[in-house]
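S.K.: Place chain B on chain G using the hints.
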Amino acid sequence: AQSVSQHNHHVILSEAASLELGCNYSYGGTVNLFWYVQYPGQHLQLLLKYFSGDPLVKGIKGFEAEFIKSKFSFNLRKPSVQWSDTAEYFCAVSQGDNFNKFYFGSGTKLNVKP
Amino acid sequence: EAGVAQSPRYKIIEKRQSVAFWCNPISGHATLYWYQQILGQGPKLLIQFQNNGVVDDSQLPKDRFSAERLKGVDSTLKIQPAKLEDSAVYLCASSPGQGAIGYTFGSGTRLTVV
Numbered sequence: 047a048q049s050v051s052q053h054n055h056h057v058i059l060s061e062a063a064s065l066e067l068g069c070n071y072s073y074g075g076t077v078n079l080f081w082y083v084q085y086p087g088q089h090l091q092l093l094l095k096y097f098s099g100d101p102l103v104k105g106i107k108g109f110e111a112e113f114i115k116s117k118f119s120f121n122l123r124k125p126s127v128q129w130s131d132t133a134e135y136f137c138a139v140s141q142g143d144n145f146n147k148f149y150f151g152s153g154t155k156l157n158v159k160p
Numbered sequence: 005e006a007g008v009a010q011s012p013r014y015k016i017i018e019k020r021q022s023v024a025f026w027c028n029p030i031s032g033h034a035t036l037y038w039y040q041q042i043l044g045q046g047p048k049l050l051i052q053f054q055n056n057g058v059v060d061d062s063q064l065p066k067d068r069f070s071a072e073r074l075k076g077v078d079s080t081l082k083i084q085p086a087k088l089e090d091s092a093v094y095l096c097a098s099s100p101g102q103g104a105i106g107y108t109f110g111s112g113t114r115l116t117v118v
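Sequences listed follow chains G and B, in order. For the record, in the first sequence the residue sitting at position 72 is 118 according to our numbering, with numbers rising by one throughout. For the record, in the second sequence the residue sitting at position 45 is 49 according to our numbering, with numbers rising by one throughout.
Keep in mind that the hints were calculated from the coordinates and are not lab data.
Below are the DSSO-like pairs computed for lysine-lysine, each with C-alpha atoms no more than 30 Å apart in a straight line: (1) G:95 to G:155; (2) G:147 to B:15; (3) G:95 to B:48; (4) G:147 to B:87; (5) G:155 to B:48; (6) B:82 to B:48.
Treat the numbers as computed from the prediction; the structure is a model and nothing was measured.
This is chain G alone, in the form it adopts within the complex (with noise of 0.2 Å):
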């Protein structure tokens, strides 16, 4: 089965900082990849997401991801976080032949200070 791995559990950075979090996943085929972000409260929201192609996707709200594709990897990043980005972020992964089974990572908790 496929293993998606967020390294970083709780971040916290102060507004205007850089923002990189890991995810890495277990599966050596054809793999979709997604970033999801989760508001206090809200449902799980789609930021971005990669099919095939440009390895770097750029998404909503300025954040983008780049696959890379020998290390297993689909990094988060944003240049300079604002507090309105608190939330918690998780990356997913879906098998190329099964589209929709998602597995997701445990999740990256972001605490933006004002």
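M.R.: Below, chain B without anything else, positioned relative to chain G:
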């Protein structure tokens, strides 16, 4: 468009009792999913429906969990009897079909088993 509706939002039951959760997906979405999210973990897929048929229930504990989507629209997830370790948020999601974009999550039902 209206989102994925779930009820109730919260439920507290004693162990060995039974409980049911309801989900109404986005209109026209053929595929419906139930996830279990235990505190500190990412969501785990329990069951996937395509219309009223089960596509994947490999991670559903079938001795106590059951789910149905009789008319291919709304769905219920039941736990009978509940155990303490079933305490979690139960998320419903829907998408237009296999391999389609537009995967949308509901806000979830938080179950506490005491």
